[in-house]
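Protein chains: 2
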Amino acid sequence: MESLFIIKIGGNVIDDIASSDTFLSNFASINAKKILIHGGGKIATKIGEQLGIQPNYLNGRRITDAATIDLVTMVYGGLVNKKIVAKLQSLGCNAIGLTGADGNIIPATKRPVKDVDYGFVGDVKIDEVNTNNVEILLANNFTLIVAPLTHDGHGQMLNTNADTIASSLAVALSKSYAVRLVYCFEKNGVLENVDDENSVIPLITKEKYQQLLSENKLFDGILPKIDNAFAAIQSGVQEVLIGNAKHLLQNVTIHTKGTLIK
Amino acid sequence: MESLFIIKIGGNVIDDIASSDTFLSNFASINAKKILIHGGGKIATKIGEQLGIQPNYLNGRRITDAATIDLVTMVYGGLVNKKIVAKLQSLGCNAIGLTGADGNIIPATKRPVKDVDYGFVGDVKIDEVNTNNVEILLANNFTLIVAPLTHDGHGQMLNTNADTIASSLAVALSKSYAVRLVYCFEKNGVLENVDDENSVIPLITKEKYQQLLSENKLFDGILPKIDNAFAAIQSGVQEVLIGNAKHLLQNVTIHTKGTLIK
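Protein chains in written order, with the working numbering: chain E, 444 to 705; chain C, 444 to 705.
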């Protein structure tokens, strides 16, 4: 099967124009089919403050009220997405910016209200991802730049976590492509010693993971990422690479940096 | 040649949710390839005010400064575009929202500074419209929803008049399709008597136009629209229909409402 890179970058890469430029140059130079999923960074919070939209948190999770879904549709789907697209086009990459509503690529269901009403948040069912439309675009040499937004099929945009968008697309497309899922974050990879960015563990297999767990060596916040990575692999994704956007993409095809999960 | 409808709606249709819903239902039901170009309406001005962005006019034309291009990229390319896309998807129309940067469909040049610096305004050269990418999308049954934004090929988004986007796409695509260009505005069509919405002139030929001109019968503001219409027809567009969004699209295929220019 043909290779497909699905690469997720966090808000911190977007916020820093210099690292964003380097990142996008590296991304543009990947000579294979590719999809980029981006978060929104601090700019959404900043513009929200200017518009008088008060962030509303519950157990550390932001509630997406009506004003907030409009805000993130503007900022993620408009400003951030189109800046990335225009930059990639200037680098010769045939980028096309999409939300989950465009071409109905990622339909979602508004999260049911149980104890908490998270508001306009979309839960994705992987088997509803419109792989047909995604594959048409990829086959015609478009590079998809996807904002972390979905829609409910009844005209309402929804907010969906960018990691979830990335893993949902990765699993859904693994039937047609050899998918390599890349999570860029602020650390160089999974570290043996959380304070030493040079202690990257180059490869984590299931056995290595069990060993690291039993040795209590994994730093806070990395567990869900590794769990998600193994879940994606179990569902057909070929491999998952975790590391720092600064170094990762230059080497994405040869894996000299970051942590490879297989 | 296959028919292609290129339909431009103004901000007033977007601002009024009720007429917008009717319009989009009618648009979705057009059983042919179609492209929708939308303006931004008053919402961009409203959000700009909330963000403290002062509109900057010169000879009645708005200057697009750095804050304003970000504003319209957010509002036109994000909020308005995605609301239309989500609504059309709910109506079974395979809408995909784009700016001129996406798939590089409409490259532009920043307007040269002569007497006036209009700022980040893009002038389109019709022969640079990327008809190849547009045709790929149309051939794969996507309905393009285009925000009035272009890019300069060096990473900068630009602001371009929605009428210009519509006529540029219409002329460029007239080599491959029998293009019918539809301008929706607030009047029922070209009127014999500007105060009587029932006095629509159903058909304007070149001869009829000369006659109306010599009789001084054309109301203010309609002349550039008719001139543009004839220019488009001269460049290969099959026909231009001008009228009110409320009535026009129900009848777009049979021309019982509005003014047809041929």
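Calculated directly from the structure, the hints in this document are not laboratory data. Just so you know, even glycine gets a beta-carbon here, dropped at the ideal spot from N, CA and C. A couple of the hints might just be wrong.
Claimed, not checked - Selected chain C positions facing chain E (in silico; Cβ < 7 Å):
#1 Ser472
#2 Ile473
#3 Ile512
#4 Ala529
#5 His597
What the hints assert, rightly or not - Covered, in the sense of this in silico footprint (three residues per stretch, anywhere, with C-beta under 8 Å from a C-beta of chain C), are these stretches of chain E:
#6 488-502
#7 512-524
#8 541-549
Claimed, not checked - When the alpha-carbon atoms are kept at most 27 Å apart in a straight line, the in silico BS3-like pairs for lysine-lysine are as follows:
#9 E:Lys557 to E:Lys668
#10 E:Lys553 to E:Lys568
#11 E:Lys630 to E:Lys618
#12 C:Lys618 to C:Lys485
#13 C:Lys668 to E:Lys485
#14 E:Lys660 to E:Lys618
#15 E:Lys489 to C:Lys485
#16 E:Lys689 to E:Lys668
#17 E:Lys489 to C:Lys630
Outcome of the hint check:
1. Ser472: It is violated, given that the least Cβ distance between C:Ser472 and chain E is near 16 Å, above 7 Å.
2. Ile473: Given a least distance of 18 Å, the restraint on C:Ile473 is violated.
3. Ile512: Not OK, violated: C:Ile512 not within 7 Å of chain E, min 10 Å.
4. Ala529: Hint on C:Ala529: holds, closest Cβ of chain E at ~4 Å, below 7 Å.
5. His597: Given a least distance of 5 Å, the restraint on C:His597 holds.
6. 488-502: holds (count 4)
7. 512-524: holds (count 9)
8. 541-549: holds (count 6)
9. E:Lys557 to E:Lys668: 26 Å, holds
10. E:Lys553 to E:Lys568: 11 Å, holds
11. E:Lys630 to E:Lys618: 30 Å, violated
12. C:Lys618 to C:Lys485: Violated, because 35 Å separates the two Cα atoms, which is more than 27 Å.
13. C:Lys668 to E:Lys485: 43 Å, violated
14. E:Lys660 to E:Lys618: 34 Å, violated
15. E:Lys489 to C:Lys485: Holds: E:Lys489 and C:Lys485 sit about 23 Å apart, inside 27 Å.
16. E:Lys689 to E:Lys668: Holds, at about 19 Å.
17. E:Lys489 to C:Lys630: 41 Å, violated
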